[in-house]
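Student: Just need the whole structure built from these sequences, with the hints factored in.
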Amino acid sequence: MKSLLVCRTSIVIVFLFFSAGNLFASDKAATKADAVQAPLSPQTDACITCHRMLTPGIVEDWLSSRHSKTTPANALKKPLLERRISADKVSESLAGFAVGCYECHSQNPGRHKDNFEHMGFSINVVVSPNDCKTCHPVEVSQFSDSKKAHAIKNIKDNPVYHTLVSTITGIKRLEKGKIISSKPSDTTLSDTCFGCHGMKVEVKGMKTISSAIGDIKVPDLTNWPSQGVGRENPDGSLGACSACHPRHSFSIEVARKPYTCGQCHLEPDAPGYNVYKESKHGNIYSSKYHEWDFNAVPWVVGRDFKAPTCATCHNSLIVSPDGVVIAERTHDFGSRLWVRLFGLIYSHAQPKSGDTTIIRNKDGLPLPTTFIGEPASDFLIDKAEQGKRIETMKNVCNACHSRDWIDGHFNRLGETIKETDEMTLTATKLMLEAWENGLEDKTNPFDETIEQLWIRQWLFYSNSIRYASAMTGAHDYAAFKNGWWNLTENLQQMKDWIRIKKFLKSTGAK
Numbered sequence: 185m186k187s188l189l190v191c192r193t194s195i196v197i198v199f200l201f202f203s204a205g206n207l208f209a210s211d212k213a214a215t216k217a218d219a220v221q222a223p224l225s226p227q228t229d230a231c232i233t234c235h236r237m238l239t240p241g242i243v244e245d246w247l248s249s250r251h252s253k254t255t256p257a258n259a260l261k262k263p264l265l266e267r268r269i270s271a272d273k274v275s276e277s278l279a280g281f282a283v284g285c286y287e288c289h290s291q292n293p294g295r296h297k298d299n300f301e302h303m304g305f306s307i308n309v310v311v312s313p314n315d316c317k318t319c320h321p322v323e324v325s326q327f328s329d330s331k332k333a334h335a336i337k338n339i340k341d342n343p344v345y346h347t348l349v350s351t352i353t354g355i356k357r358l359e360k361g362k363i364i365s366s367k368p369s370d371t372t373l374s375d376t377c378f379g380c381h382g383m384k385v386e387v388k389g390m391k392t393i394s395s396a397i398g399d400i401k402v403p404d405l406t407n408w409p410s411q412g413v414g415r416e417n418p419d420g421s422l423g424a425c426s427a428c429h430p431r432h433s434f435s436i437e438v439a440r441k442p443y444t445c446g447q448c449h450l451e452p453d454a455p456g457y458n459v460y461k462e463s464k465h466g467n468i469y470s471s472k473y474h475e476w477d478f479n480a481v482p483w484v485v486g487r488d489f490k491a492p493t494c495a496t497c498h499n500s501l502i503v504s505p506d507g508v509v510i511a512e513r514t515h516d517f518g519s520r521l522w523v524r525l526f527g528l529i530y531s532h533a534q535p536k537s538g539d540t541t542i543i544r545n546k547d548g549l550p551l552p553t554t555f556i557g558e559p560a561s562d563f564l565i566d567k568a569e570q571g572k573r574i575e576t577m578k579n580v581c582n583a584c585h586s587r588d589w590i591d592g593h594f595n596r597l598g599e600t601i602k603e604t605d606e607m608t609l610t611a612t613k614l615m616l617e618a619w620e621n622g623l624e625d626k627t628n629p630f631d632e633t634i635e636q637l638w639i640r641q642w643l644f645y646s647n648s649i650r651y652a653s654a655m656t657g658a659h660d661y662a663a664f665k666n667g668w669w670n671l672t673e674n675l676q677q678m679k680d681w682i683r684i685k686k687f688l689k690s691t692g693a694k
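So the sequence shown is numbered by our numbering: it starts at 185 and just counts up by one.
These aren't lab readings, by the way, just hints derived from the structure by calculation.
Owing to the predicted nature of the structure, the values given are computational and were not obtained by experimental measurement.
A portion of the hints provided could be inaccurate.
[What the hints assert, rightly or not] Here are the simulated DSS-like cross-link-like pairs (lysine-lysine), alpha carbons at most 30 Å apart as the crow flies: (1) Lys-297 to Lys-340; (2) Lys-613 to Lys-602; (3) Lys-362 to Lys-340; (4) Lys-401 to Lys-441; (5) Lys-384 to Lys-337; (6) Lys-362 to Lys-401; (7) Lys-441 to Lys-464; (8) Lys-490 to Lys-578; (9) Lys-253 to Lys-546; (10) Lys-356 to Lys-602; (11) Lys-613 to Lys-686; (12) Lys-472 to Lys-613; (13) Lys-665 to Lys-490; (14) Lys-360 to Lys-689; (15) Lys-362 to Lys-665; (16) Lys-686 to Lys-441; (17) Lys-297 to Lys-401; (18) Lys-490 to Lys-340; (19) Lys-297 to Lys-337.
Tutor: Here is the structure:
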């Protein structure tokens, strides 16, 4: 049966060749000779033959990739530190061929609801982390326990976070003098918080699309496209490796450069990329990055790069020029972090689990702290673990800086965290005063003026200052650009708003 299907595919390919002309065939042969240095499986060869005409950009992107130039068998022969593959072995059917179209789009068909018959092959539309696990099991395991993998769940299944997201993304209409909110469509939601967090991709049936080779039936997917880091895939897995290693080159160079992190980590709420660009490290990167080697594994500090990018501090395998490991590779991007600067209301120790919906504070709310800042310690890493992680990060810094410099930086960061939390506490007390005096309705803590000013205090301004301190040198963000100026001004606006509301209430005005 399989040979019959392959034969049918070959007939289609022959037809295409005569339709497109002999130039297409010679171009394909030249490309294979010049760019593909590893043997192709017959299935991938068939895919490329059609898709060089239908989606040439995808094919050329893949031809530039490491996947096209080596085989899993050869990858496993490299010394341990140089490996980009973490599987101990791969099946014989995969080991001798380039990692091509079929090798990625045919894995685990029984789990994929998006699997369909395509030109004689059984193909999945979406390649998921569970498929990448075939060659990269360690990376997928690490990622699966991270906050990024649970990014959808952490804002949809946590009622407090979900209320915040629903409040700011809902469609607002004016009816009889009142603002009425309704839920936006999933289509537009994918352009809000869920653009970074990801959407749930499901199969709702089949549809027919037109192509150069005629009509083709393919799965009809909801919330597609979606490249959010916590995307829920049709096979039930969580995450999108392509959020950082974009298809179809899956480049480690792209993942290591700060622009990739800058897709989501932006002001005003998570201004890591903006702060990095203004920092001393960002200044060096912008000036000298063209001299660096972003493809080297392991990544040698001082030789392959001269200043850290996001990946250096958060996840890359870093070694000294003499081969001593400074930091192990990890795809749990919070595993080196001891404190969560981006906390919902206050900073706090990193959570033990990437699934933050399980957290319950002293008041029974799914928050890492109470409204007055008391941590939900049972769900957060302890002091000993925090100390280990601080040392890991200091070791990264120590590759270039003296211990005295490093200790001074971390001490300053600690003070900044404490002081910004105190400023958030002041704002929280003002909001509680408004609630206690009946000036605002606390049913939804995110929908009225003083509540939204309170949100600005911790979501925008405190975060901005902490990021600026952590990444050192972006003083504008700590002072005037969503920084201390804004924290102080915001408190005064909250105080003035309470005074006005009290006056209006005393006069009976509405």
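Student: Does each hint hold? Answer for all of them.
Tutor: Hint check:
no.: 1; hint: Lys-297 to Lys-340; result: 23 Å, holds
no.: 2; hint: Lys-613 to Lys-602; result: 17 Å, holds
no.: 3; hint: Lys-362 to Lys-340; result: 27 Å, holds
no.: 4; hint: Lys-401 to Lys-441; result: 38 Å, violated
no.: 5; hint: Lys-384 to Lys-337; result: 10 Å, holds
no.: 6; hint: Lys-362 to Lys-401; result: 48 Å, violated
no.: 7; hint: Lys-441 to Lys-464; result: 16 Å, holds
no.: 8; hint: Lys-490 to Lys-578; result: 17 Å, holds
no.: 9; hint: Lys-253 to Lys-546; result: 55 Å, violated
no.: 10; hint: Lys-356 to Lys-602; result: 37 Å, violated
no.: 11; hint: Lys-613 to Lys-686; result: 16 Å, holds
no.: 12; hint: Lys-472 to Lys-613; result: 47 Å, violated
no.: 13; hint: Lys-665 to Lys-490; result: 28 Å, holds
no.: 14; hint: Lys-360 to Lys-689; result: 22 Å, holds
no.: 15; hint: Lys-362 to Lys-665; result: 34 Å, violated
no.: 16; hint: Lys-686 to Lys-441; result: 52 Å, violated
no.: 17; hint: Lys-297 to Lys-401; result: 15 Å, holds
no.: 18; hint: Lys-490 to Lys-340; result: 40 Å, violated
no.: 19; hint: Lys-297 to Lys-337; result: 21 Å, holds
The structure shown violates the earlier hints numbered 4, 6, 9, 10, 12, 15, 16, 18.
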